[in-house]
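**Student:** Work the whole structure out from these sequences, hints included.
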Amino acid sequence: MADENVFDKKKSHRAKQAGRKAEKKKNKNKVDQSNLSARQRNPKAFAIQSAVRAERQFRRREDVIAKKQHIPQVDKTPLEPPPIVVAIVGPPRVGKTTLINNLIKSFIKTNVTNTNGPITIVTSKKRRITLIECNNDVNSMIDIAKCADLVLLLCDASFGFEMEIFEFLNICQVHGMPKIMGVLTHLDMIKNAKTLKTTKKTLKHRFWTEVYPGAKLFYLSGIIHGEYLRNEIKNLSRFISVMKFRPLSWRMTHAYVLADRLEDITSQELIRKDAKVNRDVVLYGYVRGVPLMKESSVHIAGVGDMKISELSYLPDPCPLPSSEKKRHLMERERQIYAPFSGVGGIVYDKDAVYIELQGSHSHKKEDEETNEKKALLKNVVETKETVDEQMQESGFQLFSGGAVIYPDMVKDDEYLQQNKKAESDSSDSEDEGNDSDDDSGIDEKKEKKNKLPWDNDNSEAGSDDEGDDNDDDEEMSVDGDDKDKGDMSDDGSDSDEEPQTDFGMKWKEKLGEKATEAYLERQKTSKNIMKLVYGEFEIGNKSKKAKDEESESEEEGEELGGLFKKVTDTQKKKHKEKERLDLEECSFFYSLDKPNLRDWTSDTNKQYLINSFVTGKRSADEDASELLKLDDASDGEDEELYGDFEDLETGEKHKAEEDTETTAEPGSKRKAEPTKSEILDKKLKLKAKFDSEYDNPDDHRIKGDHSYYENLKAEALKQSELNKSVFDNLDNGLRIEVEGFRPGLYVRMLFKNMPSEFVTNFDSSYPILIGALNMAEQNIGFVSCKVKKHRWYKKILKTNDPLIISLGWRRFQTLPIYSKIEDDMKCRYLKYTPEHVTCNMHFYGPITPQNTGFLALQSVNNNPNEIKQVGFRIAATGSVNEINKSTQIVKKLKLIGTPLKIYKKTAFIKDMFTTTLEVAKFEGARVKTVSGIRGQIKKALNKPEGAFRATFEDKILMSDIVFCRTWYKVDVTKFYAPVVNLLLPVGAKNAWQGMKTKGQLKREKNIKNDANVDSLYTEVNRAPKVFKPLVIPKNLQKGLPYRFKPKEKSTTLSGTNPKDKFKNRIAVIKNPEEQKISNVMKMLKTNYEKKKEVQKAATALRLEKHKKQLEEEEWRKLKRQKELKKKICRHLSKTGNKNKTQM
Amino acid sequence: MPATVHNDLLVYKGSNFFRQRLLLATLSGRTIKIEEIRSTHDDPGLREYEVSLIRLLDKVTNGTRVELSETGTSVYYQPGILVGGHVTHNCSTQRGMGYYLEVLLALGPFCKEPLNVVLQGVTHSDLDVSVDKIKTAALPVLLKFILVDDGLELKVVRRGAPPLGGGEIVFKCPVRRTLRPLQWTQWGLVKRIRGVVYALRVSPTMANRVVEAAKGVMLKFLPDVYINTDQCRGSNAGKSPGFGVSLVAETNEKTFYCAEAKSTDVGTGDITLPEDLGRECAQRLLDEIYRGGAVDSAFQWLLALWMALGQKDVSECIVGPLSDYTITFLQHLKEFFGVMFKLEVQRSESDDEDSDDEGVTPASKIKMTCVGIGYVNISKRTL
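Here the protein sequences come in this chain order: A and X. When you line the first sequence up against this note's numbering, it's residues 1 to 1143, in that order. When you line the second sequence up against this note's numbering, it's residues 1144 to 1526, in that order.
Derived by calculation from the structure, the hints in this document are not laboratory data. Even for Gly, the Cβ is constructed at its ideal location relative to N, Cα and C. Just to be clear, a hint being listed does not mean it is correct.
In silico EDC-like links for lysine to aspartate or glutamate, alpha-carbon gap of 16 Å or less [what the hints assert, rightly or not]:
{"id": "1", "chain 1": "A", "residue 1": "K105", "chain 2": "A", "residue 2": "E331"}
{"id": "2", "chain 1": "A", "residue 1": "K901", "chain 2": "A", "residue 2": "D954"}
{"id": "3", "chain 1": "A", "residue 1": "K578", "chain 2": "X", "residue 2": "E1178"}
{"id": "4", "chain 1": "A", "residue 1": "K752", "chain 2": "X", "residue 2": "D1151"}
{"id": "5", "chain 1": "A", "residue 1": "K531", "chain 2": "A", "residue 2": "D731"}
{"id": "6", "chain 1": "X", "residue 1": "K1397", "chain 2": "X", "residue 2": "D1292"}
{"id": "7", "chain 1": "A", "residue 1": "K307", "chain 2": "X", "residue 2": "E1478"}
{"id": "8", "chain 1": "A", "residue 1": "K786", "chain 2": "A", "residue 2": "E822"}
{"id": "9", "chain 1": "X", "residue 1": "K1363", "chain 2": "A", "residue 2": "D603"}
{"id": "10", "chain 1": "X", "residue 1": "K1363", "chain 2": "A", "residue 2": "D731"}
Using C-beta positions, here's what the derived DEER-type ranges look like [claimed, not checked]:
{"id": "11", "chain 1": "X", "residue 1": "V1209", "chain 2": "A", "residue 2": "R272", "range": "43 to 49 Å"}
{"id": "12", "chain 1": "X", "residue 1": "K1298", "chain 2": "A", "residue 2": "K683", "range": "34 to 40 Å"}
{"id": "13", "chain 1": "A", "residue 1": "Q73", "chain 2": "X", "residue 2": "H1229", "range": "34 to 40 Å"}
{"id": "14", "chain 1": "X", "residue 1": "D1367", "chain 2": "A", "residue 2": "K683", "range": "32 to 38 Å"}
{"id": "15", "chain 1": "X", "residue 1": "H1229", "chain 2": "A", "residue 2": "I796", "range": "39 to 45 Å"}
{"id": "16", "chain 1": "X", "residue 1": "G1331", "chain 2": "A", "residue 2": "D728", "range": "23 to 29 Å"}
{"id": "17", "chain 1": "X", "residue 1": "V1313", "chain 2": "A", "residue 2": "L717", "range": "39 to 45 Å"}
{"id": "18", "chain 1": "A", "residue 1": "E945", "chain 2": "X", "residue 2": "K1298", "range": "51 to 57 Å"}
Simulated coverage check for chain X against chain A, where a stretch passes if three residues somewhere in it have a Cβ under 8 Å from a Cβ of chain A [stated by the list, open to error]:
{"id": "19", "region": "1171–1180"}
{"id": "20", "region": "1275–1289"}
{"id": "21", "region": "1292–1306"}
{"id": "22", "region": "1340–1352"}
{"id": "23", "region": "1379–1390"}
{"id": "24", "region": "1467–1479"}
**Tutor:** As structure tokens, then:
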């Protein structure tokens, strides 16, 4: 910005060029060449010694450059920018109001008794600022962060940073970071110099981590007589007035107004009848951001969406000084405007206006100028209508008895004239009389004169004497389809009375002819094209009402001869509209009527076309030969170019070419001869180009290719230049119509049907932020965004718990659903926000462009106890991803069934579904048993409703559980409630309470849930396990070895002693005979046994004897054998020896 | 016919400009109501082609609500979000495909997913711009606004003449978050003339005769004339016989003028001579060139739309004389978006001198200047 040089503009030092001092300096700077190294003498020769190092250096340099580059943005600051919003933010009792008072005093040298609402002051020749104090309410903090350009963040140094400061910084980060300057106050409370130093340092570093390293932090060291030190304030104000700003994306796309004045213009009678009646409220303020469009809907933060019903601009109440050439601001130009604070003479209360009389000093003599000014200001402030409106209402008569002329008529004409002026600039042949015309009649006649030969059918007999009413016809005739119009002029004014059939016939007859006429005329298009397209549009401040009245007065109509009423303009219009009502829609130039085109091949017509082709003649600035000529001419103007000269060698004489222009065809009239100014322009351009290419001192080094970036930058610059210049010489009213109310204008906005609480509960310490909504932003839909719970927030957030979101201009409460985006882009429902990770969030709310940041709070209640409990209040932050009209959030669902019957690999499953229809929907779905056998749903069974047939990859068991995994869609609740804290009563504005969470309600009402019985913990009783006996099939038993065979008296079921087996057998009692028998039997048995015993002993004896005998025999046998062996061996040895000797 | 506003609801009357109104409502997100649609006609209510348009809009949007009155003479339209994506639509044969395609072209850059539309129906019609014209003259205009051509494509799969149609096209359009402001005040000089002659279910000589005639006219102005013939056979030729021609003039500043002419429909009894057709088309092209401007006169409204939907920057373009359709469109733009164009008539210096002695002057050019409303594609997803 240009303001920074306000303070830098000191006379620069001029070094001596000659004389003793200059000589001395020259010698000092001169380097002694004798003892220099070669490198020092000739640095260029040693420029690159190592390619690698040079490459590294180059790369590093490029990195540094690339880091500095930002995407070039089109600079949209207007020529006369709106005041800069300087917000003073901080915890309570930190010295905000004192600082504002001191700043005002330092800027405009007056004391302001009470500061309330925005205070606009002129600080320098090109800068105004609006000071606004932020109270200790999170709602205000949010609104202030959305509109502030510069924030002075006050902090009590003796206490340190408080939670509010961190909260505010967080809010700022989300909504587009304004410039932030920290201000430490209460430094005098720290007595110890060393602790003071360390506190300053720690606070500074903490501040830097939050904002950016090196952020400016001011120290206001103490208060003397209730004021900060003058020097420190001076310094601070100096910093404020040279501050530069970077455009923020949200504010560069949205217009907004920080209202600094409010009026309730509801009629008192209505209020008397019903105090709660909806009010008509007028708000005033500077437009900021981008141009504010008429009829755009706005959001008033803390109230809701509204439609501006009337928008007009007012003369600036706190204007910048006129652009006279002077260095400083004059005393009287240091203005202040703060209606809420009662400065500028007026205090607004709920029901009265007070004019401040400056105490006893007001009776002192005041110079006339200030008096006058005050009166003027009072006038302006007091009037209900704007100045322009008043102007509108006052008409004047030129002649007695003549029509009253209202200024809007004149204005229209002004526009006409302007148009004409622009035209006449190019063609001087236009009639000069236009400029002096004031009334519309003359103007119209002139226009008629300009009419073209082929609209001769328009030569109506009475057109000239019919005056005003006909003028509009004239204009409408240009509309192209003047079918009915032509008719009427032919048949006289009573043509409408003719029978319909006749009309139709004629209409058809002339169709082709008329279409051709229309076609020819259209190509000529009227000069007043704007009027043709937009009709009688309102210009600037003109209100609709005035216009309606005007038209009504016209509508009364004149009676011709008493019998026939003249067809009024409106009737005609209606007729035409009716005709067009149901036509076929067609985008061609000649939509439905096919005119006879000109024969372009005929020679005369061809001439007008031939130059549209590359083969034709070109205009002067395109033709290569002309350009060449131009270049040559600029080289040396005095030299005669293409003139006569004589070739000395050949003796030929060249004559200058005849001017081709004279011989050219009449159609090819294009300017070829460059004028002097053109040549001059060309030269300047060339010089600029040359300068930029060669005069750059840094050019000697190797440079990277930044052409892409440079091009982008140039494009942005060009666009911003165009934005500024294109409407410069346009009539202000029309300019506003086309461009909107550009930033910097002071506007008055009328809102109808505002809730009465807005006025009755008005508190000027709360900012009224009016933000314009762009296209489609007033609609409501489902917003999908990414969100992260703030790491300082103590709790995690639960799905469907009400959350207050600050998004765009709005603050509203809604019910969000958290989800996680899976790899297949499916949004999976989450019940709680995860910690330290972003997740997705859907809610029902206003449609907002993507990438807009938002923050979420669980409550905006400023109850100190609650705050203390919660600590940090910002629950989450995030940004918008996507807008839609429906959502697709799913959660996992497992359907469980059990087998009904099992065949080999097929099984019938029941209990998964309840109806056949459900099954039909799931045909082909994958199912799975718990043991992992996969299968597929085949078809529904008709017997048990909901059962189905399924096939598996293996046989399943009856005990298996079969489940089917699906997704269940979760719907987002359609709940959207704007936070309407401005409507709350004055004391309770900071206690807005929306929907409560279920938990909150239960806690309040002391409702406790019955626990689910299944979820209760009970003692576990486990019965010992009983196994079934092992049964071995008989076949298998047969094959087993005996020891594995189950034995008869193996373990029994009861596990008792085998001896007890016979316990419960019945005793047998014998009769005597039986006893005898048994005795005998017993004796026999004993006998037998004795006998057996004896026999056994005898046998044993015998056996022993026999054994002995056998042994003896054996022994003898052995002995014999031994002897025999001995004998044989002896014999053998003997024989052997004999043989040996023999040999 | 200006709209009446009831509580943010725009109420219109009559069936004319039905398409404009639906299109602008969809883009602006404003609810509209159209009443008295052919209420006094013998056949009251919406026509088939208009219902088909509503269907198409429903297909490319999400959350659209349409309510028709019982007689069909009033429509309530609450637009949803533009989604785009893959859409197949069977257009009504009462109107040409251009009727639908122009709407899609206007909506295309603002969808959630890139548009990929298959349209079936009549490709060439008298009332509507043909697909050839859109392909050659409208797509370059869009390209000026989106600058990078990543998938802007219009493919004529089959041609279909009225009354039965049977043509098919594929239209693909990339999405953008914003459109860039455009300054287009130079349109240059015509450097080449191209064209295509199609003949469906008629003798191939017809096409050649058309070429001959059209070329005969155009060659008087420029030597660089080349006209293709597209002789379709079998299923590619659609269901009805017919032939036609479209000529394109390209300037050295990438402006395309296009003119077209087609034979009369089968069954009307009229006979079209191919030679007449060629000459007529050439004459129309010359007329278009005479009118000049940065865009073809049939697409002035598209240019105006995209200029208005740009960033909050100034766009300026010079076009030829405004057509009726464009004028109405500008009025509608003001009603829906509140954007007003500054219109100036541009005159060359020689103009006034000429006007007295001669009958024909160069067509006046109109400089349209506007500040974009800062429209952003709210449907597009950012990750």
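**Student:** Next, verify each hint and record whether it holds.
**Tutor:** Quick rundown of the hints versus the structure:
Our distance criterion of 16 Å between C-alpha atoms is met by A/K105 and A/E331, whose separation comes to about 13 Å. Among the hinted pairs, A/K901 with A/D954 is consistent with the structure: their alpha-carbon atoms are about 14 Å apart, no more than 16 Å. A distance of roughly 13 Å separates the Cα atoms of A/K578 and X/E1178; the hinted pair therefore holds under the 16 Å criterion. In summary, the hint linking A/K752 to X/D1151 is supported, as the alpha carbons are separated by about 14 Å, within the 16 Å threshold.
With a C-alpha separation of about 15 Å, the suggested pair A/K531 and A/D731 falls inside the 16 Å cut-off, and the hint holds. Using a Cα cut-off of 16 Å, the hinted pair X/K1397 and X/D1292 holds, with the two alpha carbons roughly 15 Å apart. Distance hint between A/K307 and X/E1478 is fulfilled; the C-alpha atoms sit about 15 Å from each other, no more than 16 Å. Note on A/K786 and A/E822: the hinted pairing holds, with a Cα-Cα distance of about 14 Å set against a maximum of 16 Å.
Proximity of X/K1363 to A/D603 is assessed by CA-CA distance (about 11 Å); at most 16 Å being required, the pair is judged to hold. Among the hinted pairs, X/K1363 with A/D731 is inconsistent with the structure: their alpha-carbon atoms are about 47 Å apart, more than 16 Å. Between X/V1209 and A/R272 the CB atoms are about 47 Å apart, so this pair conforms to the stated range of 43 to 49 Å. The beta-carbon spacing between X/K1298 and A/K683, approximately 52 Å, falls outside the hinted interval of 34 to 40 Å.
About 36 Å separates the C-beta atoms of A/Q73 and X/H1229, a value consistent with the hinted range of 34 to 40 Å. Between X/D1367 and A/K683 the C-beta distance comes to about 37 Å, which sits within the given range of 32 to 38 Å. X/H1229 and A/I796 have their C-beta atoms about 40 Å apart, which keeps the hinted 39 to 45 Å range intact. One distance hint, 23 to 29 Å for the beta-carbon pair X/G1331 and A/D728, holds here, with the actual separation near 28 Å.
Separation of X/V1313 from A/L717 is about 41 Å and conforms to the stated range, judged on CB atoms against 39 to 45 Å. Between A/E945 and X/K1298, the C-beta spacing of about 52 Å keeps the proposed range 51 to 57 Å intact. Residue count for the region 1171–1180 of chain X with a Cβ under 8 Å from a Cβ of chain A: 4. That meets the three needed, and the coverage hint holds. Coverage of a stretch by a chain is defined here by at least three residues with a beta carbon nearer than 8 Å to that chain's beta carbons; for the region 1275–1289 of chain X and chain A the count is 0, and the condition is violated.
Chain A is given as covering the region 1292–1306 of chain X, and this is violated because 0 residues of the stretch bring a CB closer than 8 Å to a CB of that chain, at least three being needed. Coverage of a stretch by a chain is defined here by at least three residues with a beta carbon nearer than 8 Å to that chain's beta carbons; for the region 1340–1352 of chain X and chain A the count is 0, and the condition is violated. Figure legend: the region 1379–1390 of chain X, annotated as covered by chain A; annotation inconsistent (0 residues with Cβ-Cβ distances under 8 Å, at least 3 required). As drawn, the region 1467–1479 of chain X meets chain A at 6 residues by the rule of a beta-carbon pair under 8 Å; at three or more, the given contact holds.
When the structure is compared with the earlier hints, violations turn up for hints 10, 12, 20, 21, 22 and 23 and for no others.
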